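Quick note, the sequences are listed as chains U and F, same order.
According to the numbering used here, the residues represented by the first sequence are 47 to 330, in order.
According to the numbering used here, the residues represented by the second sequence are 673 to 990, in order.
A hint or two may mislead.
As the list claims (entries may be wrong) - If you only want the chain F side, here are some residues facing chain U, beta carbon under 8 Å, derived: (1) I926; (2) S950; (3) I977.
It should be emphasised that the hints constitute simulated quantities derived from the structure, not laboratory data.
What you are looking at is a predicted structure, and each value in this text was computed from that prediction instead of being measured.
Built from N, CA and C at the ideal position, the CB exists for glycine as well.
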Amino acid sequence: MSVSAAPLVKARRRIPIGAAIGLFFTGLFLSTAIFAPLIAPHPLGEIVGDVWMPMSAKFPLGTDNLGRDLLSRMIYGTRTTIFIAAVATALSFTLGSILGFTAAVVGGWFDMTMSRCVDLLMSIPTLIFALVVLSVLPSNLVTLILLMGTLDSTRVYRLSRAVAADINAMDFVEAAKLRGEGRAWIIFREILPNALSPLVSELGLRFIFAVLFLSALSFLGLGVQPPQADWGGMVKDNKDGIVFGISAALMPAAVIGALAISVNLVADWILNRTTDLKGGRGNG
Amino acid sequence: MSPIVRLIVQRIALGVLLLFLVSILIFAGTQILPGDVAQAILGQQATPEALANLRAELGLNDPAYFRYFRWLGGVLTGDLGTSLTTGQEVTATLLPRLWNTLFLSFWAAIVAVPLAIVLGLISARYRNGWVDKLISGLALTSTSLPEFFVGYLLIYLCAVKLQWFSSISTVYDGMPFLDRMKAIALPATVLTLVVLAHMMRMTRAAILNVMQSAYIETAELKGLRPIEIIRRHAFPNAIAPVINVVMLNLAYLIVGVVVIEVIFVYPGMGQYLVDHVSKRDVPVVQAVGLIFAAVYIGLNIVADIAAIVANPRLRHPK
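Bound-form chain F, shown alone (with noise of 0.2 Å):
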């Protein structure tokens, strides 16, 4: 086997295990109460009756592994549970929401990425200039800047003020797609803002690296204008920090989307989480939370296997 062949399975072996790991510690961090979920459910007042009742009902007399190992069970058969409060089916309801997230974040990271690495070579090429300072001026401000800040600092402006858009992002099944576009529009715009200003700052700082080696000092030295030396010789040799950069912030995105669907009450995971945590619904809260780190950790697997994939040294063994 070839050894980057080997080092892809291993880094998707290591994931598969992170992920197990992790559905251990959310399990587990959902069992830390000094109660239980039945107390959670019923409150302080319920009568010991209907507290015995609901534990059998939801199987809490079992010991902790036997219940992991029969969560487990079912999220690998596609079974998340029912929910607590609506008694409804989790995984029924949640992948129209996963798809709707997906959507969202989908576009936004079209828009981020190529605005954020274009911007990056353009202040890694005028370093130190006063477009470098200002792109680093408002990159500063966007990352101190809350996500709520922008969100309806957005509303405020372009759907209260301008009429421009609706202030409430709601999507529906069979929706026509650029109504659908319309309404992503302003969640998307600030998805795009809170990821753009770190992805640009890395991406700058990757080229930057490359900058220093001999091969650049060459370049120069045979005189090629330096928007050619970073088109012909830094850039490829940064494309695989910048690829690793680019996803460690998809993953980033995919945690800023929470907050982000509940600023335009948005139809998707990150607002279904929130919901339920709020109401103690432990099965959705798990499911969900599962969810969220399985992307995460997808995305960061992706990332490694691209920086490995990108890398001359592994491409071409001696």
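So that you can see chain U by itself, here it is in the shape it has in the complex (with noise of 0.2 Å):
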């Protein structure tokens, strides 16, 4: 009993206060996200009763400006604005860290390149050149989440091309080149495992940006599009009912800023938990 109890308390102490609370909240949004049609108590577009009901037994949160149930629509919205965020941050992963790689292996022109294109790109706050492009393209699911992802890619590509070129420079890197190995091998079976760890932490600060960049353009009205209903949009549909004293749009914008607190928690002790690994600094 006792030996089996040891690992037990040792796992726990290793995770600090802050981070369960992290977990745990993160985890709850992204069940919400997976079982929305299970949890939410109406349908997503059905009108349940007059415009802006406070709070019931029946509505938990109200209804909203069309008198729609407040709280399934958010819950529907969970699994938008996650799904959406999700995507664009996988892209931007794949095409930032990839690019990045080649860049910090093949050096040369190809680096020169890429890195003055993205030196360009992020000239241009984010927001104001997604604003530009969104003016011409039609504002669907596909334009968003490739837009989000390539304009996000820059900050990766900048990360992994400075992680990469460090580990580059190491003697087992030398040697597999030395071996004969190729780029592809040296990327992947070389770089990426010993890259990972800042780059999971990174991970994390990049989807949040990406629910808070989905959910301005949303709230804006060009990002997420009726009949779908992201947190943004909700916030946007409400927002005149501040002024009469309803609080509808308040909530969806709490759970946009709860959802980032409770990745960034996480997101903190991942980057701190890496460095405690590697160079066993504030190992208290």
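Assembling the complex is the task here: the two chains are given apart, and the hints tell you how they should meet.
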């Protein structure tokens, strides 16, 4: 009994309270996104009551600007928001890290061209460039994901290029090159495993950025279009109620913040843990 | 030419080149549509004749590079084109709005910058103490919250429940200064909160970085009080990175202003941009996008120059 309990206690001590809270809520949001149709009491677009009804037993968060159940819409919104943000983050990571690693390994003109292009893209504020492009492109899911993924991959590119340039100078990479391994082997078998920890923590931060960015676009009416609903769009739908003292717009806005804080706590913990593993710094 | 002047001239020249490339990028960004602007304005049901007329009127039959240089020539002479939806000169509509946006950002910056630096100094002084933890916790929260949550929460509390301010920030020409300040109080507060956390965290990091130097240890061993060490030794050396932090965050403020203007229905550039993106009014979007990018690049140049000027090694070359 005591033998089996010891590792458990040790493992629990490793997770600080902040990270535990973050993990719990991140998990909660993820399962809400996956099981949305099972949890939501009402269908997405169904009008079930009057406009902006207060909280009640039947409508736990009240109704929205068209008399739809706010809680159900927010549950479905979890799915839309997390799905788009996750796919955009995945795209930005794939694109950014592969190009960044390749630039670090290949070097020369490829590195030069890629890095200057990234500098150029990053010299325009992301939101402004997104708005310029959205003024001519149709607002649909594919456009949004491609746009968010591409614009965000510039940051991933910079990080992965810097990390890979460090690793590329190490002896084991040199050994692999002398062994005659190809570039793909160097990138995927030598560099990628060693660059994983800083990238995983960055993954969390980029995901938060994607959630906030998508919410901002939808809030401006340029992101997810009705009848689909995401959190930012719900804030936009219900914002006119604020001046009448109706807090419906604040709920989806608060949930965006809650998701961002939870993921932040987890990312912070992973970052601290990996620096512990690497340098042994702060092993208090 | 002294090396410092040469560096500054180089940096400005680089900035001008960057701005030129950005103008190409913004122009190209509006050309990637499979159809064209005429199609976007008239919609799918447009007759071929109407399309052809509009294309001729807008000069869309010319090659893209030709249209780019015509646009660039106009921009350089202060003519930003004509709005497709209202038919008005973009420059005339834009200037008062640019002024409003700068007015709002200026007052937000005036509050945010000193506050962020003082808070950053305090948390560097009491590093890992409860004050530092509290400040970092608040910073983490405020970077995670979307601008519109903070904005509508303030409207809900200060404008609706307490009735201190109006929920809509209307400003007009010839408005008395105090009324104008009252109108921008809420949006300026939200903007301040948006940039404060990041600026403060970076100030703290810059100071802590300097605190690890050998001369700080000397000062400690000399028996100086911690706050004196920061004031006399750490802060002067941290000025360059701090100025850099401040400028980068002011550049960030320029972006944050877009969402905040929409929340408070403030008649600035951000609102103007968002309105015309949904109307697919390409000339307006290009013009406003270019101005935002120019301000952003400009602030980045100022940040670099400030860092060059504040660097003692460059100021006193051997």
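Now for the hints, and whether the structure bears them out:
no. : hint : result
1   : I926 : holds, 7 Å
2   : S950 : holds, 6 Å
3   : I977 : violated, 16 Å
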